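There are 2 protein chains.
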Amino acid sequence: MSKLPAFLFYFLLTISISLSSHPLDPLTPAEFTAVQTAVRAHYSSSHTSIAFHYIGLKDPPKSAVLSHLHHPSAVPPPRRAFIIARVNHSTTHELTVDLTGNNKISDQVYTGPGYPIFTTKEQLAASALAVGHPPFLESVRKRGLKLGEIVCQSYGIGWFGEQGKGSRIVKVMCNYLDGTVNLYMRPVEGITVTVDLDRMEIIGYRDRAIVPVPKADGTDFRGSKQRPPFGPSVNDIDVVQPNGPSFQIDGHRIRWANWDFHLGFDMRAGPIISLASIFDVQKQKFRRVLYRGFVSELFVPYMDLTEEWYYRTYFDAGEYGYGSYASSLLPGADCPANAVFMEAYFPDEDGNPQQLPNAFCIFERYAGDIMWRHTETATPEVVTEVRRDVSLVVRMVSTVGNYDYINDWEFKQSGSIKVTVGLTGVLEVRGSEYTHKDQIHGESYGPVLAENTIGSNHDHFLTYHLDLDVDGEQNSFSKSKLETVRVLNSTTSPRKSYWRAVVETAKTESDAKINLAGSEQIDFTFVNPNKKTDVGNSVGYRLVPGSVVSPLLSDDDYVQIRGAFTKYNVWVTPYNESEKWAGGVYVDQSRGDDTLAKWSLGDREIENRDIVLWYTLGIHHVPCQEDFPVMPTLSSGFELRPNNFFERNPVLKAFVSL
Amino acid sequence: MSKLPAFLFYFLLTISISLSSHPLDPLTPAEFTAVQTAVRAHYSSSHTSIAFHYIGLKDPPKSAVLSHLHHPSAVPPPRRAFIIARVNHSTTHELTVDLTGNNKISDQVYTGPGYPIFTTKEQLAASALAVGHPPFLESVRKRGLKLGEIVCQSYGIGWFGEQGKGSRIVKVMCNYLDGTVNLYMRPVEGITVTVDLDRMEIIGYRDRAIVPVPKADGTDFRGSKQRPPFGPSVNDIDVVQPNGPSFQIDGHRIRWANWDFHLGFDMRAGPIISLASIFDVQKQKFRRVLYRGFVSELFVPYMDLTEEWYYRTYFDAGEYGYGSYASSLLPGADCPANAVFMEAYFPDEDGNPQQLPNAFCIFERYAGDIMWRHTETATPEVVTEVRRDVSLVVRMVSTVGNYDYINDWEFKQSGSIKVTVGLTGVLEVRGSEYTHKDQIHGESYGPVLAENTIGSNHDHFLTYHLDLDVDGEQNSFSKSKLETVRVLNSTTSPRKSYWRAVVETAKTESDAKINLAGSEQIDFTFVNPNKKTDVGNSVGYRLVPGSVVSPLLSDDDYVQIRGAFTKYNVWVTPYNESEKWAGGVYVDQSRGDDTLAKWSLGDREIENRDIVLWYTLGIHHVPCQEDFPVMPTLSSGFELRPNNFFERNPVLKAFVSL
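First to last, the protein sequences are chains V and P. In terms of full-length UniProt numbering, the first sequence is residues 1 to 658. In terms of full-length UniProt numbering, the second sequence is residues 1 to 658.
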């Protein structure tokens, strides 16, 4: 791998000492500490136990942010933190702390269904309990395993129709090292340890069956552990910018080429792109495209009904924290040599800020692609004009347990915002008696990938919250359906048919619930009905979908009731400050009563309003042997592409200078 | 733009002097000349006029090629040329010339429907006729245009149900320069000049209506013609390989990393990838994936019924030649600095070989992407392993008139073959009275893009011929349908549903006609039923579709009868040497009787046979103002991805050395 060029350190330095602030900046370490202090002071008794499950910026009102944008010298929007805490292991509190000096606090008890994000501390404690549990030691002994090589982790239990509010419970499942670091390839099956997190005690233990633990051989993915024969190698290759990157980072604001946006961070969502605007050369001004975009939820249900597996229906943002599980990016490997890195902060259970170095990388991307070209041979002299496609990428990798999600936000000079997620990491496999496919009788819930190893079938759904503001807040969602027109009179034309675009504007939410599969003859565009181009087209941004899938679980399945926001690939809702999390605020043991699917039952009006696009991409994953022991990246994504937003090609003049 | 580094010239030199030959090599200049001489000698009379419409390698029998591959020292397969010629402007001849010394010739007259690819010479002659035609001069005068700034081009007329075999006819349409090189933005509407190509005379002239010619302002896309204000610029960026590229080019055979394939060229198809095999590190041998892949046809029907537009239903391969319209690639712009270029040869109408420099570029691609990664925090020490994604790209750009198609074949070390086509270039627009959308009454056939400029709606369909040979010739096409399973007994599981994969093998062609839109719950895999992995899975390659569309023209529309091969995105046929061109061999004025849709009516068996995948990707293109005056690239593609082809992740050991 390449060495990091010296000039990059300069940039790292620039970023860390920058003092510019913005109303949407994530909380600083000092602010986390202020929150911690204020909340402790609020519960004056020193005997009060406080566990911080979430601390993040409380969104300032959109109107205040926009007003601040237009009048930067005026009073900035209020800066507040939003906190979800468990107090005395018994009640969930929603608090806000005013960070502008007075540390004023508000406190409300939440009594509805569901629980907040797990803390790392309680998860580790639950696992430690299991490993020290005498019946567990007996189970380990019976299996002939070494206790010191066992690694346990706790998982949310979901909801399966239970009445009444249950306790905060996790199930602890264990894996085995002993000769590998790839513990997910060595599940210790058959044991369920149930832990009450608030009481922090084991409330259930079951050793149902002994299943062979898959062997360590061939599972380790570390380079240092690989043995010959090796395949052919390739020569060094890298991206270079002799004059350095072309972007400026000012605090969390990033300016590059014709783009200007804010990059935030949240322990739950990960990266948050805000106020993305593009400079219109012809109009000589910045025009807004996206007020805010982020991953609202990830839903990863497994299709394995084995007793130790049926409840594995992960909500990675709402149960675990897509941001707090970000991995530190490895320079020169996770990102090219010309990348610049940014750190992030999130709180631990005690409210202490944790630094995550290299949480983001930002780099200019040149993949050898062509932004536009034409060769004209019909002219007196042959004309060839080609422009290279150079874009800007913001990357964060979130490793939620076994899977690594590579999140890219790519800004193109042509005006497109391309969002990509790459799935890699290791599978969650189930240990099994089977060593060959032919042994399978009945349901295996997935293919045999290696001896004693079943790759359980599962889905990945990522739901993006995309508050588009196409050249202003008031937008409409336009469906341009391509319809076949029959030519009835043969004297009109020798043709018998053609197609035309029939445009329809969604009036209410129910007009905008769309399964993209089967909708390939429709263009979906966010338009600003109040802004027209010179020749009269509504300015807009078009959604160019990537691979999409629909859920296959039954609507009445409790799992799907909780994940009902994946029912459609596209939903459009009126902007509502409180509607951020597609699966609800309290996702652990949620019951589907605070999801996008529920909110939009109101069938609210969405025409010429401030509206939000919810986009769900997905993959049905039937594992294959190539995914073992570590999975080659499988990508999916979508593009938001200008459509009559500009008067003409906005990059006609790119890479031209006098 | 970057300068071409000196070391690249070395590679160019290596390629041009290489003497290695391969049975699938395209014809050499000497072979074209031998064909020309042999065919001329065959028609001994010097008064015979011979027009070469196609000259290319006659495919050696597949069995002979494969046998040669296994026994390179044995007699190579016969080397022959296939020729389509028009003799004495009256008959179409199919000839073969034996190129192995004796120049033996066979000659057969073709009398069926349709005509061969147009030659450049006859197209230029037809245009010259039009420009010299007195009524045309009058039409130009009436419009107040300058004759010297008019550029005319000829277009195939299609077929609209006419009975009896018509003459070889084209229609000549004209555009205007006068202050721009972007002639397609300045159509001269209302005039139709009909030319008989064999007689080379005008057989029809009509000046129907005078329509304003859109102005030149703002249409020129040359960098030198752009005026301030300019947008922000970005710093230089390039891909470097300090030790040079890692691939070897030996004649037309390319070896890189774990891949080995042959890159051919054909005036009709453009690039042809053959015998693509991947080295299996575990098995220590090369295993074949693809016997041959190429673009079989492009179908671009316009949805404009205006008298001068209704017939514009281009078949870019069969009518014009996707290969002979390739553009010379611009180093440092069309391809990155680390690219190596290859030339190609195709014949002119007289049979003389024409050299096209820089027809292909080949380069290693590193876009900053991640091949695989994982961070493991549950281990005693945090483990992070990341592998960068470096792939090999073969690129050709074909500029068929106004559109530029960027054709990429990308070979990934992980075993994937990714095929991408990028659409750029300029639109074909229609001149119009309209200067604003609000003036439109009735059908406009597309949106207003600029004053007097309608962007006519149209489709792009690209049909790929993919003769997969997954680890051998005998393959099956497997459909793995994901089906919801209801859990009827609540004592079995708290879950009410899950999904499982139900695998079905296509028996005959009708089982494999698939519209991918709406088939997102099905995985399509080419498997070799005779080869199993150690744990018993059939080795296979999975089709990962990209954006797909279905045709919207009526089945009984003559246009769609000719383009019926676009009806499904996927067809699977038994390998048949004669079934190469999805739209038929003779596409000009074709009647749909020699298309993929017709062949497969036989419903032949396709299980455990040598089978071929036909994949059609497409775009319904409603133009937008950003496409004016030159269009930002819009890409589509698909991936062939190993699926239980390898025993495990084939790049587990990539970038590792002792």
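The hints are simulated quantities; they were obtained by calculation from the structure and are not laboratory data. Heads up, some of the hints might be wrong.
You can't tell identical chains apart in this list, so a pair holds if it fits in one copy or across any two.
Derived pair list, reagent style SDA-like, types lysine to any residue, alpha-carbon separation capped at 20 Å [what the hints assert, rightly or not]: (1) K225 - K653; (2) K418 - A367; (3) K653 - D217; (4) K418 - V502; (5) K165 - G179; (6) K653 - R222; (7) K418 - S636; (8) K62 - R253; (9) K531 - T435; (10) K532 - N352; (11) K215 - F247; (12) K598 - N102; (13) K567 - E520; (14) K165 - R253; (15) K215 - Q282; (16) K437 - S478; (17) K58 - N102; (18) K507 - L57; (19) K225 - Q282; (20) K531 - R253; (21) K58 - N243; (22) K104 - K513; (23) K531 - V383; (24) K532 - D438; (25) K285 - A38; (26) K418 - G546; (27) K653 - Q354; (28) K283 - D534.
For clarity, every value in this text was computed on a predicted model and none was experimentally measured.
Now for the hints, and whether the structure bears them out:
1. K225 - K653: This pair counts as between: shortest inter-copy Cα distance 9 Å, intra-copy 51 Å.
2. K418 - A367: both (15 Å within a copy, 15 Å between copies)
3. K653 - D217: between (57 Å within a copy, 14 Å between copies)
4. K418 - V502: neither (26 Å within a copy, 34 Å between copies)
5. K165 - G179: So K165 and G179 fail the 20 Å test inside a copy (43 Å) and across (76 Å) alike.
6. K653 - R222: Result: close only across copies, 9 Å inter versus 47 Å intra.
7. K418 - S636: Both: 11 Å inside a chain and 14 Å across chains, each within 20 Å.
8. K62 - R253: within (17 Å within a copy, 59 Å between copies)
9. K531 - T435: between (64 Å within a copy, 17 Å between copies)
10. K532 - N352: neither (50 Å within a copy, 54 Å between copies)
11. K215 - F247: neither (49 Å within a copy, 37 Å between copies)
12. K598 - N102: neither (37 Å within a copy, 79 Å between copies)
13. K567 - E520: both (18 Å within a copy, 14 Å between copies)
14. K165 - R253: Answer is neither: 43 Å inside a copy and 68 Å across each miss the 20 Å cutoff.
15. K215 - Q282: Classified as between; 18 Å across copies, 64 Å inside a copy.
16. K437 - S478: between (49 Å within a copy, 17 Å between copies)
17. K58 - N102: within (16 Å within a copy, 85 Å between copies)
18. K507 - L57: For K507 and L57, neither the intra-copy (33 Å) nor the inter-copy (59 Å) Cα distance is at most 20 Å.
19. K225 - Q282: Classified as between; 16 Å across copies, 57 Å inside a copy.
20. K531 - R253: This pair counts as neither: shortest intra-copy Cα distance 27 Å, inter-copy 55 Å.
21. K58 - N243: For K58 and N243, the Cα distance exceeds 20 Å both inside one copy (39 Å) and across copies (52 Å).
22. K104 - K513: neither (41 Å within a copy, 66 Å between copies)
23. K531 - V383: Neither: 36 Å inside a chain and 52 Å across chains, both beyond 20 Å.
24. K532 - D438: between (64 Å within a copy, 11 Å between copies)
25. K285 - A38: Neither way: K285 and A38 sit 43 Å apart in one copy and 66 Å across, limit 20 Å.
26. K418 - G546: Intra 10 Å, inter 15 Å, cutoff 20 Å: intra and inter.
27. K653 - Q354: neither (45 Å within a copy, 34 Å between copies)
28. K283 - D534: within (12 Å within a copy, 64 Å between copies)
Of the hints listed earlier, those the structure fails to meet are numbers 4, 5, 10, 11, 12, 14, 18, 20, 21, 22, 23, 25, 27, in rising order.
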